[in-house]
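Read off the chains here:
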Amino acid sequence: MLPIAPSYLLYYLPLIIAIALVFGGTRHENTKLILQYAWQTGRWITGFMAIIFIVICILDWLL
Amino acid sequence: MTSDSKNTILVDGERIDLRNRPLAALLAWLIPGAGHFYQGRHTKGVLFMVCILSAWVLGFALGGGHVVYASWAPGDKRWHYFLQAGVGGAALPALLQANLIKKATDPETGVTSGDYQPYWGGFMAPPLRPVRESQADEVSAWYARHGAGYEMGTWYTVIAGLLNILVIYDAYGGPLSIPISGRKKESEDDEPASKETEKSAT
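Quick note, the sequences are listed as chains A and B, same order.
In case it helps, my numbering puts the first sequence at residues 1 to 63.
In case it helps, my numbering puts the second sequence at residues 1 to 202.
Since the hints were derived computationally from the structure, they do not count as laboratory data.
Don't take each hint at face value.
[Said to hold, decoys possible] Listed next, the stretches of chain A that the computed footprint assigns to chain B, with coverage defined by at least 3 CB atoms under 8 angstroms from CB atoms of chain B:
id, segment
1, 10 to 19
2, 27 to 38
[To be verified] Straight-line C-alpha distance at most 25 angstroms; calculated DMTMM-like pairs for lysine to aspartate or glutamate:
id, chain 1, residue 1, chain 2, residue 2
3, B, LYS103, B, GLU133
4, A, LYS32, B, GLU14
5, B, LYS77, B, ASP106
6, B, LYS77, B, GLU133
7, A, LYS32, B, ASP17
8, B, LYS102, B, ASP76
Here the structure is a predicted model, which means the values were calculated and not measured.
Using N, Cα and C, we set each Cβ at its ideal position, and we do this for glycine too.
Based on the provided sequences and hints, a complete structural model is requested.
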């Protein structure tokens with residue numbers, strides 16, 4: 001059970017878009033490569049946070 | 001302003017003239033993306049300006065306009081400001097406000113005088129002093145009024161400032177040649193471009 005409203009998670013969206021694009025932009029000059037890198041970065045961060053989220057949910061359920 | 005050859009780099013098959021690097025870095029700090037415009041890297045300039053200023057403005061709005069202020073008073077050491085100041089010009093009004101409230105606050109009692117009037121209707125002004133933990137003051141009123149938005153707004157503006165540090169580096173020295181993740185796997189379609197990624201001074 002989430003202790004916060006699910007809409008709270010929407011705060012994450014603009015932030016991950018900005019972070020991923022800036023990360024991509026600071027590693028490439030070609031627009032296509034910037035977008036590819038941004039997509040990879042966004043996926044990586046989202047996946048990492050999803051794992052942490054699941055672990056916390058499991059711990060919450062167990063304890 | 002002329003550019004010499006040591007300021008020209010090759011990235012992703014594109015030749016970039018970084019022009020006057022310190023000036024580009026200063027401009028990038030003052031206005032996110034401005035350093036890239038100065039160097040003629042317009043696409044990246046727009047990208048950085050939109051991403052960083054959007055995060056900044058959104059955070060500022062979420063926090064009701066009170067998340068960016070400079071204060072190092074007892075009970076209110078706003079360390080976040082050092083990171084928020086990464087966006088340069090957009091955070092500078094907070095320094096003027098900090099100076100004003102410092103003059104209007106009694107150094108012995110730590111109480112802000114009653115006739116204190118912040119500039120611009122309190123835009124980026126620190127809270128009235130004293131600010132004491134676990135007591136009702138202006139900071140707790142801001143938290144109460146904006147709830148999670150105050151917290152999120154603080155983080156949005158902090159992250160915008162931190163992102164601009166990467167942008168300043170990019171304006172000064174060009175893109176980071178090695179991904180921080182160290183990831184080497186590449187898809188087939190970006191292979192030709194990535195071969196040219198090698199950054200070399202000409």
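These are the hints, each one checked on the structure:
1. Counting residues of the segment 10 to 19 of chain A whose CB falls under 8 angstroms from any CB of chain B gives 6; the rule of at least 3 is met.
2. Only residues whose beta carbon comes within less than 8 angstroms of a beta carbon in chain B count, and the segment 27 to 38 of chain A has 10; three or more means the coverage holds.
3. Using a Cα cut-off of 25 angstroms, the hinted pair LYS103 (chain B) and GLU133 (chain B) holds, with the two alpha carbons roughly 23 angstroms apart.
4. A hinted pair counts as satisfied when its Cα atoms are at most 25 angstroms apart, and LYS32 (chain A) with GLU14 (chain B) qualifies at roughly 13 angstroms.
5. Between LYS77 (chain B) and ASP106 (chain B), the direct Cα distance comes to roughly 17 angstroms. Compliance with the 25 angstroms bound is thereby established for this hinted pair.
6. With a C-alpha separation of about 11 angstroms, the suggested pair LYS77 (chain B) and GLU133 (chain B) falls inside the 25 angstroms cut-off, and the hint holds.
7. As the CA atoms of LYS32 (chain A) and ASP17 (chain B) are separated by approximately 20 angstroms, the hinted pair is consistent with the 25 angstroms bound.
8. With a C-alpha separation of about 13 angstroms, the suggested pair LYS102 (chain B) and ASP76 (chain B) falls inside the 25 angstroms cut-off, and the hint holds.
Checked against the numbered hints above, the structure breaks none of them.
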